Amino acid sequence: MSGFAKPLKIALGLAVVAALIIVPMNFNRYGLFILSQWAVMSIAAMGLNLTLGYAGQVSLAQGAFVGIGAYAAAIMTTHGWPLPAAVMVAIVLSFAVGWVLGYPALRVQHHYLAFVTLAFSTLAFLVFRNESWLTGGIYGISNIPRPHIFGLATNKPLPFYYVCLGSLAIVSVAVWWLIRSPWGRAFMALRENPLRAQSLGVDTRRYTLMAFAIGSALGGVAGALYAPLTQYIDPVPFNLSLSLDLLMMVIVGGAGFYFGPFLGAMIAVLLPEWLRFTEGYYLMLYAVAVMLLLIWSPTGILGILDRTMAARRTKAASALRAVAKSRLETVQ
Amino acid sequence: MTAVLEVTNIKKNFGGISAVDGVSFDVREGEILGLIGPNGCGKSTLFNCILGQLTPSGGEVKLDGQVVTGLRPSELNKLGVSRTFQLLQVFPKLSVRENLILAGQEHQGSMASRLVGRSDAGLTGAANRMIGFFKLDHLADEPAGGLSYGQQKLLDAAMAFMGGPRLVLLDEPAGGVNPSMLADLKDRLVAINREKNATFVVIEHNMEFVMSLCSRVMVMAEGKVLAMGRPDEVRKNPAVIEAYLGH
Numbered sequence: 009m010s011g012f013a014k015p016l017k018i019a020l021g022l023a024v025v026a027a028l029i030i031v032p033m034n035f036n037r038y039g040l041f042i043l044s045q046w047a048v049m050s051i052a053a054m055g056l057n058l059t060l061g062y063a064g065q066v067s068l069a070q071g072a073f074v075g076i077g078a079y080a081a082a083i084m085t086t087h088g089w090p091l092p093a094a095v096m097v098a099i100v101l102s103f104a105v106g107w108v109l110g111y112p113a114l115r116v117q118h119h120y121l122a123f124v125t126l127a128f129s130t131l132a133f134l135v136f137r138n139e140s141w142l143t144g145g146i147y148g149i150s151n152i153p154r155p156h157i158f159g160l161a162t163n164k165p166l167p168f169y170y171v172c173l174g175s176l177a178i179v180s181v182a183v184w185w186l187i188r189s190p191w192g193r194a195f196m197a198l199r200e201n202p203l204r205a206q207s208l209g210v211d212t213r214r215y216t217l218m219a220f221a222i223g224s225a226l227g228g229v230a231g232a233l234y235a236p237l238t239q240y241i242d243p244v245p246f247n248l249s250l251s252l253d254l255l256m257m258v259i260v261g262g263a264g265f266y267f268g269p270f271l272g273a274m275i276a277v278l279l280p281e282w283l284r285f286t287e288g289y290y291l292m293l294y295a296v297a298v299m300l301l302l303i304w305s306p307t308g309i310l311g312i313l314d315r316t317m318a319a320r321r322t323k324a325a326s327a328l329r330a331v332a333k334s335r336l337e338t339v340q
Numbered sequence: 019m020t021a022v023l024e025v026t027n028i029k030k031n032f033g034g035i036s037a038v039d040g041v042s043f044d045v046r047e048g049e050i051l052g053l054i055g056p057n058g059c060g061k062s063t064l065f066n067c068i069l070g071q072l073t074p075s076g077g078e079v080k081l082d083g084q085v086v087t088g089l090r091p092s093e094l095n096k097l098g099v100s101r102t103f104q105l106l107q108v109f110p111k112l113s114v115r116e117n118l119i120l121a122g123q124e125h126q127g128s129m130a131s132r133l134v135g136r137s138d139a140g141l142t143g144a145a146n147r148m149i150g151f152f153k154l155d156h157l158a159d160e161p162a163g164g165l166s167y168g169q170q171k172l173l174d175a176a177m178a179f180m181g182g183p184r185l186v187l188l189d190e191p192a193g194g195v196n197p198s199m200l201a202d203l204k205d206r207l208v209a210i211n212r213e214k215n216a217t218f219v220v221i222e223h224n225m226e227f228v229m230s231l232c233s234r235v236m237v238m239a240e241g242k243v244l245a246m247g248r249p250d251e252v253r254k255n256p257a258v259i260e261a262y263l264g265h
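As you go down the protein sequences, you meet chains A and B in turn. Sequential numbering from 9 applies to the first sequence in our numbering. Sequential numbering from 19 applies to the second sequence in our numbering.
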């Protein structure tokens with residue numbers, strides 16, 4: 009995105025934020041539900057983008073962490089705890105479990121790691137389904153309350169949408185800070201060349217575990233919002249297909265790009281809705297669209313933009329070089 | 019002169035093959051030690067054993083008299099031991115400046131302070147000086163992956179110096195670098211050696227480079243030390259001529 013001038017970027021950002029606040033005011037119930045779901049999935053995808061896109065650690069378990077967060081929030085809020093406390097517990101719990109899940113990544117990488125995390129995903133699903141004393145089993149947990157924030161009830165769709173949007177804003181700022189800190193650089197070093205990173209003093213073990221733990225914690229945050237959003241949870245939404253969906257959001261949006269997850273979640277959540285007019289064909293069209301995109305640009309949508317910018321920069325640079333060369337020749 | 023690095027009877031076996039077979043030597047403070055020998059004689063394996071990238075099958079490594087055998091590469095780096103690799107090892111998608119900041123950042127403060135502190139860990143100035151020192155100014159904002167081979171080699175060396183190391187192990191720094199750039203690299207190495215009193219061990223096949231740069235040269239063959247001495251002594255050694263230099 010470095011091709012844009014800074015004021016233009018800020019103006020664009022403010023316009024998008026303003027639109028997200030104002031435009032949905034006259035949306036119907038369903039529209040607001042979809043948009044809230046976009047915000048929640050963006051948070052989960054940002055977590056996976058951190059683990060996978062920046063730190064290069066493949067995970068097929070992000071959906072399980074959304075489940076862990078959702079169950080933590082559902083169980084706590086139906087027992088009278090406030091949602092912010094439940095979010096804290098969801099963060100701590102998924103951070104801890106994510107940290108432990110990071111240990112296999114110290115030994116195996118790529119598709120081997122994918123399989124380890126896939127096994128964990130299945131394990132989490134079985135716990136959600138079978139431990140009915142805690143999770144309600146296949147009947148799930150219903151009547152999950154929506155929170156009061158600063159004394160304001162958010163059980164109507166619009167206020168709760170603002171809860172989701174506000175949470176997305178907080179997570180976005182936190183992730184932005186993390187990415188541009190030395191930690192973000194160390195995560196990228198992990199992805200690009202762990203061997204070299206080690207020899208430069210980067211504690212690759214600790215950063216790998218951190219990448220998993222922080223990414224998983226964001227999955228937990230998303231889950232803790234998902235439970236009050238749907239107000240009813242059962243194990244099915246948190247099976248492997250959610251992990252795969254989240255993976256697709258990250259890849260389609262552009263893994264390792266800050267704005268990738270927002271775009272990816274938008275496509276995964278909104279595109280099926282927009283394609284609804286095609287009735288029975290929408291899933292097929294959606295699948296074909298994703299395939300074509302990834303053939304055209306394996307680095308996702310933001311990869312296309314990045315390449316265009318790079319091409320323009322190279323052009324500008326070679327033009328400058330040509331000028332410099334002709335000047336040199338004149339001097340001689 | 020005191021020994022910065024003492025290596026005692028290091029062994030490394032891969033299955034039935036012993037790649038390094040009981041190597042002992044020491045490196046004195048401020049010297050540039052050359053390490054030569056035929057391909058496959060165990061030079062790089064020896065480096066990897068010293069630096070914790072491989073666990074030696076036997077033997078001991080001491081840094082300033084302290085046993086450091088078995089420490090992880092990142093821990094050794096924080097004790098002031100740095101390296102370059104035989105094959106290029108930069109971070110291709112990060113810019114040249116970002117590569118250098120990364121190379122220094124883990125030496126600044128604690129992990130927690132690096133999370134809340136400045137984005138560049140206060141290293142932009144140091145990175146820019148290093149960029150100037152290695153004459154990479156015009157490439158500072160380019161992704162490292164877009165640099166030519168020789169330029170990446172310079173960046174690789176520059177990265178090894180970012181943390182202010184006392185001991186640097188360079189694995190074939192001259193390989194694939196053109197003559198004028200090589201002269202530059204040698205100048206830089208000599209300057210850092212003198213000004214910062216940094217100690218180097220250099221693996222290299224370019225004899226001219228080794229003989230003019232190093233104060234002592236160690237020759238390895240088949241996992242063992244064949245000879246050790248001043249460059250002119252080593253060059254005349256019949257065993258070295260037989261095993262490596264050729265007639």
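Calculated from the structure, these hints are not laboratory results. The model shown is predicted, which means the values in this text are computed figures rather than measured ones. Using N, Cα and C, we set each Cβ at its ideal position, and we do this for glycine too. Hints may contain errors.
Derived DSS-like pairs: lysine-lysine, alpha-carbon spacing no greater than 25 angstroms straight-line [stated by the list, open to error]:
1) B:96 - B:214
2) B:153 - B:242
3) A:323 - B:111
4) A:323 - A:14
5) A:17 - A:323
6) B:29 - A:14
7) B:80 - B:242
8) A:323 - B:153
9) B:204 - B:214
10) B:96 - B:80
11) A:17 - B:214
12) B:111 - B:80
Simulated coverage check for chain B against chain A, where a stretch passes if three residues somewhere in it have a Cβ under 8 angstroms from a Cβ of chain A [claimed, not checked]:
13) 20-31
14) 48-62
15) 99-107
Tell me the hint numbers this structure goes against, listed in increasing order. 2, 6, 11, 12, 13 and 14
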